[in-house]
Amino acid sequence: MAATGATSKAIAVPQRKERTPLGDAIEQLLKNRLAVASGLFIVLLILVAIFADIFNAYTVQGFDTTPHAPYAIQVLQDNNARPGVTSNSTKLDGFVYWVGADNLGRDLWSRTLYGARVSMAVAIVAATVSMMIGLIYGLVAGYFGGRIDDAMMRFVDFLYGLPILIVVILMQVFFKAWDRQEDTGLIFGILLDMNQAMGGVLFVFIAMGVLNWLGMARIARGQTLSIKQKEFIEAAKSIGVSTPRIIFREILPNVLGPCIVYETLQIPGYILTEAFLSFIGLGVDAPTPSWGIMINEAYQGLRSHPHALLPPAIALTMTVLAFNFLGDGLRDAFDPRLRE
Amino acid sequence: MFSKKFFAISMLAVLLIAIAACGGPPPTPQTITVIETVEVIQTVEVVKEVEGETITVIETVEVVVEKEVEKIIEVDSENPDAGRVRLDTHITSEPPSLDPSLATDTTSSFFIDQMFMGLTAFDEKANVIPSLATDWEVSEDGLVWTFNMRDDVQWVHRDPSTGAISTIRPVTAEDVAFGILRTLHPDTASDYAYILYIIAGAEEYNTTDPASEEFADLEVGVEVIDETTIQITVMQPAAYFPSIVGQATTYAQPAETIEQYGDNWTEAGNIVTNGPYTLRDWRHSAEIFIEKNPEWIKADQVQIEIFGGPIIQEASTAMAMYENNELDTMADPGDSPPLPDMDRIKADAQMSKELLIAPRLCTYYYGFVNTKPPFDDPLVRKAFAAAMDRQSIIDFVTKGDQVPAHSFTPPGIFGNVAEDFSIGGFMVEDSYDDQLAQAQEWIAEAGYPNGAGLDVLLMHNTSEAHAQIAQAVQAMWQEAFPEASVNIENQEWAVYLKTLQPDSEDSEKPNIYRSGWCADYPDANNWLNEVFNSMSNSNYAKFNNPEYDALVEEAASVADPETRADLYHQAEQILIQDVTAISPIYYYTFIRLYKPWVSVVINPVGGDPVWLWTVDAEAKAAARGE
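Going line by line, the protein sequences match chains A and W.
The first sequence runs 110 to 449 under the working numbering.
The second sequence runs 18 to 643 under the working numbering.
It is worth saying that the hints were derived from the structure and are not from the lab.
One or more of the hints may lead you astray.
Chain A is nowhere near these chain W residues, computed Cβ spacing over 12 angstroms in every case [unchecked claim]:
#, residue
1, Thr109
2, Asp234
3, Phe413
4, Ala501
5, Asn504
6, Val512
7, Asn561
8, Asp566
9, Ile591
Mimicking EDC-like on lysine to aspartate or glutamate, the simulated pairs with C-alpha atoms at most 16 angstroms apart in a straight line are [what the hints assert, rightly or not]:
#, chain 1, residue 1, chain 2, residue 2
10, A, Lys285, W, Asp450
11, A, Lys337, A, Glu359
12, W, Lys363, W, Glu436
13, A, Lys200, W, Asp450
14, W, Lys363, W, Glu340
15, A, Lys140, A, Glu359
16, W, Lys612, W, Glu371
17, W, Lys315, W, Asp169
18, A, Lys285, W, Glu509
19, W, Lys637, W, Glu340
20, W, Lys389, W, Glu570
21, A, Lys285, A, Asp258
22, A, Lys285, W, Glu506
23, W, Lys637, W, Glu371
24, A, Lys200, W, Glu525
On a predicted model such as this, the values are computed, not experimentally measured, just so you know.
We put the beta carbon where it would ideally sit given N, CA and C, even for glycine.
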């Protein structure tokens, strides 16, 4: 190993800085203004989601909301308040609804912020879970090939036959029934407590992540199949590098690009699935807000109170678009053929 | 040049021909050929022999002969019903059944009540009035009821190909007996058969295996005396019995039609009816129309000839159509105006006049599962029942001028205690702060100060309106018991009912459930006995109190109204005040919109009598710009 290290150092000396596939891609990505803006928007959204406790309208305007969470406080008299209206309750004297209130007198601004929490958490958790499972599965199948590959990929084909949305719905129903059992055991008890703390969405994440790695596995396998033929893999094999090291140090970095692109483009799907599940009553538990629930509540009164639909709908649309633009930008950046 | 011009002209000619073709021939009236049997008078010559003599006399005699004739009816193919009075409504959901024995939901019941008659019916004040029966009497011991029936009500059938409605035969006492026995027959599997358990032998008949030997020997206390007289024997004196025979489960049913078509006998084209309307068209999950029965006893008083419309599940869609004058009503059998639109409707100069709000014999309540801790403690139940600001829910969430409830039986039902605030008064104090203080005192007394240690699940069936109320109540409880955790869950109706069944596992059940009850007939027996008797299938609270059971069972068996009212008062005292098995929230109101050209009569019990409604066809056409 020492010898190879010495040679590569000798080659790396020239004045041009070292170029890696990832570095190239980032450089390329930064030239795409739309993708950069989308990336910044997503970062902003994540910050907002994390610090929703600070940015919600009640805290900003200096009101204490205990014992309620800021998204749950309701002033029934202020139901359907228009944007800019001041609360007429004694409890929240002088409070201004920046973007209006919903039909139970809950501040839409605060609820939209907390809704970002659910959407971002779904996006990140589901994407991470599915990427980890799919990548490892695809790498292993592609690298070993032969019968192992056949068996593993037929299993993926089998899972493809299951209608994912229905499985997610079934899992949700199952978990919710499970939640009512009194004696659930220690580990499940902890999971259920976490689920309750997250407003009932933990299992949505798990269900979506566990079921959405199939496409990722196929992409990772295909990439692995082509890369494992390359000379540098043969070189690594010939000097006796261990198999896990070849897979994770040599193949993985080369496979990562297309996989990140694929996953980024999947995220809007996760967010929309969560919105859909909440829309039909299988997502988060009331009163935890999610954009899907807020849109569901608002659209029923669309003809009378159109203002209530705007904040969650704008947030959802912009987020989904941002992830799509970022994914497009990443794809262009990672694919050398698309470069000018 | 020439060729170009020629080309242009020929193209123009082709275009003109094409346009002309598009116009097509003018619509011709469609004709249908019908074969009808008519009586014709023919003149025949008869040769007679007179007194044995061979004198031949030729006589001309008129004979009536039946002959088949082809008749051509002209139908305007564009609009076959032009000029007929029509009311356009919408329907909330596909009715599961139009079979009087099987219907349990309001949509089905609404249509059944337009198409069939019971021995009795209800008027707009919920009084029992004669319908198929002209009068009735009860034996001195109160056990044998004799009903005398009209003989001029006809079974009618509508021929789907011609639209002709023809009579079949008169409705007889046999049909009523058949209807009652069919409801009770175990193979029919009627969910509402229990309403008839008051009839002697009915419960045994309904619960015995029809394949067993003893089934054939079972007798039900229904006896046909003659064509128009039926005698029904009951188990115990029941003052409310005439309202039982106004229930759909006792309606007369056409035996031969049911035998011929089996389960499909209620389809359009098969069904045979006897009420003011008959089924015209039922395209499943799409639309339902009923049509006036011209042979009905009071057909001359029926103005609306066609009633019905599309099945629309989304109330907001129906509301948009209503505002666009495509629908004449936002009412049963369709949706009420959607909650979020209530403010706008009340503020709108025109729609506020179309809005009709009237008391309704229903109660919206939250039940506590009495066997599941911590709600096995009456103090916890009382605390949660007190910590609900009912007036705020009505003013800001439901917005239909409902009345805060403090008893299960609503005003208007015999035996209600809605005037007596010594029962459930703690739920409807003048100041909510008093209620709140009381609730906090009770919860501390029960051992959960500030709600510490309480983890409560509130469940409701999936519906936006229920979700709104549940969230409002959740916030109120959170306010009252800051350290308690209150979660909400919703389930689809069918799953929900299964979860709540008294024989389901307690671990599957929530602590608190939403429910409502509407009067089948205006007597507290339908409420206190049929819902919260410990044997009842609707007793989702699993409320089991022998003293209470004894009271409501005694009230069912005595005839004296004062004694009965007193017994129901005591029962309500236990249910609501002493142990607070449930927490009533409000007494319902009808919230409906009717276009100004529709005038209606509303029945608090049973379906609305559409046959008494009228439509100002001219005003309607004008509003629609026709």
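Cross-check of the supplied hints:
no.	hint	result
1	Thr109	15 angstroms, holds
2	Asp234	45 angstroms, holds
3	Phe413	4 angstroms, violated
4	Ala501	9 angstroms, violated
5	Asn504	6 angstroms, violated
6	Val512	8 angstroms, violated
7	Asn561	21 angstroms, holds
8	Asp566	29 angstroms, holds
9	Ile591	29 angstroms, holds
10	Lys285(A) with Asp450(W)	35 angstroms, violated
11	Lys337(A) with Glu359(A)	9 angstroms, holds
12	Lys363(W) with Glu436(W)	29 angstroms, violated
13	Lys200(A) with Asp450(W)	14 angstroms, holds
14	Lys363(W) with Glu340(W)	14 angstroms, holds
15	Lys140(A) with Glu359(A)	28 angstroms, violated
16	Lys612(W) with Glu371(W)	6 angstroms, holds
17	Lys315(W) with Asp169(W)	11 angstroms, holds
18	Lys285(A) with Glu509(W)	13 angstroms, holds
19	Lys637(W) with Glu340(W)	13 angstroms, holds
20	Lys389(W) with Glu570(W)	26 angstroms, violated
21	Lys285(A) with Asp258(A)	37 angstroms, violated
22	Lys285(A) with Glu506(W)	9 angstroms, holds
23	Lys637(W) with Glu371(W)	14 angstroms, holds
24	Lys200(A) with Glu525(W)	38 angstroms, violated
In this structure, the earlier hints numbered 3, 4, 5, 6, 10, 12, 15, 20, 21 and 24 are contradicted, and the remaining ones agree with it.
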